[in-house]
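Undergrad: Residue-level listing of the chains:
Protein chains: 2
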Amino acid sequence: MDDTVTVNRTARRKAKADFRWEGVEMHPYKEDERALYKTITRQVLFSDPNMAGELRYFEVAPGGFSTLERHEHMHGVLILRGRGQCLVGDEVKQLETRDLVTVPPMTWHQLRATTEEPLGFLCMVNAERDKPQLPTPQDVERLKQNPAIAAFLDGKPA
Amino acid sequence: MDDTVTVNRTARRKAKADFRWEGVEMHPYKEDERALYKTITRQVLFSDPNMAGELRYFEVAPGGFSTLERHEHMHGVLILRGRGQCLVGDEVKQLETRDLVTVPPMTWHQLRATTEEPLGFLCMVNAERDKPQLPTPQDVERLKQNPAIAAFLDGKPA
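For the record, the sequence lines run as chains A and B. My numbering puts the first sequence at residues 72 to 229. My numbering puts the second sequence at residues 72 to 229.
Read the hints as simulated data drawn from the structure, not as lab findings. Keep in mind that this is a model prediction, so the values were computed, not measured. Incorrect hints may have been included.
Identical chains share a label here; the pair holds if one copy fits it or two copies do between them.
[Stated by the list, open to error] Keeping only pairs whose Cα atoms sit at most 16 Å apart, straight-line, the calculated EDC-like set for lysine to aspartate or glutamate is:
no.: 1; residue 1: Lys227; residue 2: Glu96
no.: 2; residue 1: Lys202; residue 2: Glu143
no.: 3; residue 1: Lys215; residue 2: Asp161
no.: 4; residue 1: Lys215; residue 2: Glu162
no.: 5; residue 1: Lys202; residue 2: Glu167
no.: 6; residue 1: Lys227; residue 2: Glu93
no.: 7; residue 1: Lys85; residue 2: Glu167
no.: 8; residue 1: Lys109; residue 2: Glu140
no.: 9; residue 1: Lys164; residue 2: Glu93
no.: 10; residue 1: Lys87; residue 2: Glu167
no.: 11; residue 1: Lys85; residue 2: Glu162
So here's chain A without its partners, still in its complex pose (with noise of 0.2 Å):
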């Protein structure tokens, strides 16, 4: 987890091109040298020590994914631009815009930019948030004992 918090209470923040807005860094999304991930960015859009959540607006390229992981935190997911797909626990699900995801205390997770188009989406999580847990090789083998899992993981979509 990233430690610099930016606290910025302007009252307007300009939505800027691309799915940029004024004052709001982009970072590349880092969390863990050894989670699996690509090409993404994150950026904080609401952090304040005032506020029990943060909202950050996370970009996926096409062909990228983000991390599969698990923690006890819960994700409040808002797909704001393009779409792809998702896993949550069990369950592979296309996703379009504007569409909703949720993923409970513990679960496996992770979503892919599957078009040419880039993924965008916002990320409610709690402020006070236990770190991420990585799959072990036995974990992900477990996964995969369902097809429709191990397309998704593999990157060939359905």
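Dock chain B against chain A, hints included.
TA: For chain B alone, coordinates are given in the frame of chain A:
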């Protein structure tokens, strides 16, 4: 505040036409009968005992406005549909789709749909939060000493 909280952990809830969502109820916004507001609806997108924040979608019909209020808890707002104006503290700002609005603690605020289209916005709040305070006539009088705020509150946008 509405005390009925629906916990929905369905992995994916699909977006429907006209900014509605599968499995999400739409409510008229009515927190307090004394509050000044007009033609605004509320949909709770994420609310769960394991989440410290809530994410709601509000939609204001053309000419409508949210309650003029203040409270200790903060709002993190992202405009999802249309455009309008906001009052935050002593600032009146134009809003376009995807702009961000931060409402600090104890700061008077209101959003208005000032065009012919609805103004829809996401609003992140703390799950545990204080009750909004409404302005006294004296508060409104003081706010209106600023001509830009007077025009905003009278629904005569610049």
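Undergrad: At most 16 Å between alpha carbons: which applies to Lys215 and Asp161, within, between, both or neither?
TA: within (10 Å within a copy, 56 Å between copies)
Undergrad: Please work out whether the CA atoms of Lys85 and Glu162 approach to 16 Å or closer within one copy, between two copies, in both situations, or in neither?
TA: between (36 Å within a copy, 15 Å between copies)
Undergrad: What label fits Lys227 with Glu93 when the C-alpha limit is 16 Å: within, between, both, or neither?
TA: So Lys227 and Glu93 fail the 16 Å test inside a copy (36 Å) and across (27 Å) alike.
Undergrad: Checking Lys202 and Glu143: alpha-carbon separation at most 16 Å within a copy, between copies, both or neither?
TA: Answer is within: at 8 Å inside a copy they meet the 16 Å cutoff, but 29 Å across does not.
Undergrad: Is it within, between, both or neither when you check Lys87 against Glu167 at 16 Å Cα-Cα?
TA: between (22 Å within a copy, 10 Å between copies)
Undergrad: How would you classify Lys164 and Glu93 at a CA-CA limit of 16 Å: within, between, both, or neither?
TA: Answer is between: at 14 Å across copies they meet the 16 Å cutoff, but 33 Å inside does not.
Undergrad: Tell me, please, which holds for Lys215 and Glu162 at an alpha-carbon limit of 16 Å: within, between, both or neither?
TA: This pair counts as within: shortest intra-copy Cα distance 12 Å, inter-copy 54 Å.
Undergrad: Checking Lys227 and Glu96: alpha-carbon separation at most 16 Å within a copy, between copies, both or neither?
TA: neither (32 Å within a copy, 35 Å between copies)
Undergrad: If the cut is 16 Å between Cα atoms, do Lys202 and Glu167 qualify within a copy, between copies, both or neither?
TA: neither (28 Å within a copy, 35 Å between copies)
Undergrad: Up to 16 Å between alpha-carbons, please classify Lys109 paired with Glu140: within, between, both or neither.
TA: Result: close within a single copy only, 14 Å intra versus 43 Å inter.
Undergrad: Give the relationship of Lys85 and Glu167 under a CA distance limit of 16 Å: within one copy only, between copies only, both, or neither.
TA: Cα proximity of Lys85 and Glu167: across copies only (8 Å, versus 25 Å in one copy).
Checked against the numbered hints given earlier, the structure breaks hints 1, 5, 6 and satisfies all the rest.
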